[in-house]
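Chain order of the listed sequences is S and Z. Take 1 as the starting number for the first sequence in our numbering and just add one per residue. Take 1 as the starting number for the second sequence in our numbering and just add one per residue.
Just so you know, these hints were derived from the structure itself, not from any lab. The structure presented is a predicted model; accordingly, all values stated were derived computationally and were not measured. Warning: the hint list may mix true and false statements.
[Unchecked claim] PhoX-like mimics (lysine-lysine), calculated; alpha carbons at most 20 Å apart, straight line:
#1 Z:K124 <-> Z:K183
#2 Z:K105 <-> S:K124
#3 S:K105 <-> S:K124
#4 S:K62 <-> S:K72
#5 Z:K62 <-> Z:K72
#6 Z:K72 <-> Z:K17
#7 Z:K62 <-> S:K105
#8 Z:K124 <-> Z:K105
#9 Z:K105 <-> S:K105
2 protein chains.
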Amino acid sequence: MRLARLDCETFHNTMSKVSESTVRRLSLYLRFLEEFEAHGTQTVSSETLARLGGTTSAQVRKDLSFFGSFGKRGLGYSVSELAERLRDILGLQRSYGVVVVGAGKMGSAMVLHGGFARRGFFVKAAYDVDEHAVGRQLNGVEVRHADQLERDLERESIDIGVIATPPEAAQRIAEQLVQGGIKAILNFAPVRLAVPEGVLVKDVNLSLELEALSYGIRNR
Amino acid sequence: MRLARLDCETFHNTMSKVSESTVRRLSLYLRFLEEFEAHGTQTVSSETLARLGGTTSAQVRKDLSFFGSFGKRGLGYSVSELAERLRDILGLQRSYGVVVVGAGKMGSAMVLHGGFARRGFFVKAAYDVDEHAVGRQLNGVEVRHADQLERDLERESIDIGVIATPPEAAQRIAEQLVQGGIKAILNFAPVRLAVPEGVLVKDVNLSLELEALSYGIRNR
Chain S
1 MRLARLDCET FHNTMSKVSE STVRRLSLYL RFLEEFEAHG TQTVSSETLA
51 RLGGTTSAQV RKDLSFFGSF GKRGLGYSVS ELAERLRDIL GLQRSYGVVV
101 VGAGKMGSAM VLHGGFARRG FFVKAAYDVD EHAVGRQLNG VEVRHADQLE
151 RDLERESIDI GVIATPPEAA QRIAEQLVQG GIKAILNFAP VRLAVPEGVL
201 VKDVNLSLEL EALSYGIRNR
Chain Z
1 MRLARLDCET FHNTMSKVSE STVRRLSLYL RFLEEFEAHG TQTVSSETLA
51 RLGGTTSAQV RKDLSFFGSF GKRGLGYSVS ELAERLRDIL GLQRSYGVVV
101 VGAGKMGSAM VLHGGFARRG FFVKAAYDVD EHAVGRQLNG VEVRHADQLE
151 RDLERESIDI GVIATPPEAA QRIAEQLVQG GIKAILNFAP VRLAVPEGVL
201 VKDVNLSLEL EALSYGIRNR
């Protein structure tokens, strides 16, 4: 067991060179490319992607260079080809089953989020221990008792577990998810999860986001 | 007007060298230091901070070097002194007034979050346009009609605005916040906000977090 990686670091389990910042920018480039596709634009330059993404064209070219050769010098990138390659790189050519554990405000927000299914992330079930929560439907997604989680993971095809429980329950839930074969966890609980090698954890810590702002206010 | 910066980039308005990743790690180091403080530990090495934070001791020393000289060679850092310095660097020696615009699931989760007040972030009010939401109390925080936002910003001391509205309302709300003197925005809406130079925007985009996981699954 090792401590799970924290944000904005390289995923050292799976790839040695590609940072989370690069992956995040690839997601952003894909969004811009899809806007261009929707408007019928055929080609785009690294300068345009850089401007939209708030970065430099050198960074755009570097981000893409990890994954092979793209574009023609002086002609830019084909919008549709690059979008297709990015969807492939980001693993968006398939769909993912998601479970959300903890159906409080944050968990419910994840279940009810409108944009995930469009990207291929399908929330199959939510889990809670609160009697008032269990049995409810969140936009067609059933809230089940957390006791069912392990059994359900054996029966259903789930790729990603979202932990939105109180901090003291998070490690136990992470272990159940790992036990059930889950290899990717999105963690909202403000604790460092210990997971075996090979399990990816992305932490979303809203206190850290606020502190980035207080840092900015302090150091402006 | 310019497009707001996206995540995991440097805050180029306010500081040229210090990346968001560094700021995030400083927040994490502070958490570890506070755990050590609570346990009465007096000194800590860069190696220990590195191990806890999933990074290298060279990175720890580099992160801290932006802000002056810390620690004594061979003796490590004084836990209490470094914690105090980090609270200062991160702007946590004072409190911040926060408003949350959009009192849906995500906005409510922000209002009800237990950890923010402990860090000095006080949610003063929430805003919505929905008749069912307006007038409710969320853990003592009143949900007001969004029409009141501009007037309230003139009267109350608010530092940080959280945007948790539907995407189509986000830019308008950002402009109201800026008009009301807000210099720091936490944005959950999946749109790039255009804000004037000098206004910080941190985007939290949960689709991007899921895509970081699908990337990891695809490229494991």
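Cross-check of the supplied hints:
1. Z:K124 <-> Z:K183: Holds, because 16 Å separates the two Cα atoms, which is no more than 20 Å.
2. Z:K105 <-> S:K124: Distance of about 19 Å is within 20 Å: holds.
3. S:K105 <-> S:K124: It holds: about 18 Å lies between the C-alpha atoms, which stays within 20 Å.
4. S:K62 <-> S:K72: holds (15 Å)
5. Z:K62 <-> Z:K72: holds (15 Å)
6. Z:K72 <-> Z:K17: Violated, because 24 Å separates the two Cα atoms, which is more than 20 Å.
7. Z:K62 <-> S:K105: This hinted pair is violated, its Cα atoms lying about 38 Å apart.
8. Z:K124 <-> Z:K105: Between K124 (chain Z) and K105 (chain Z) the Cα gap is close to 18 Å, so the pair holds against 20 Å.
9. Z:K105 <-> S:K105: Holds, because 5 Å separates the two Cα atoms, which is no more than 20 Å.
In summary, the numbered hints that this structure violates are 6, 7.
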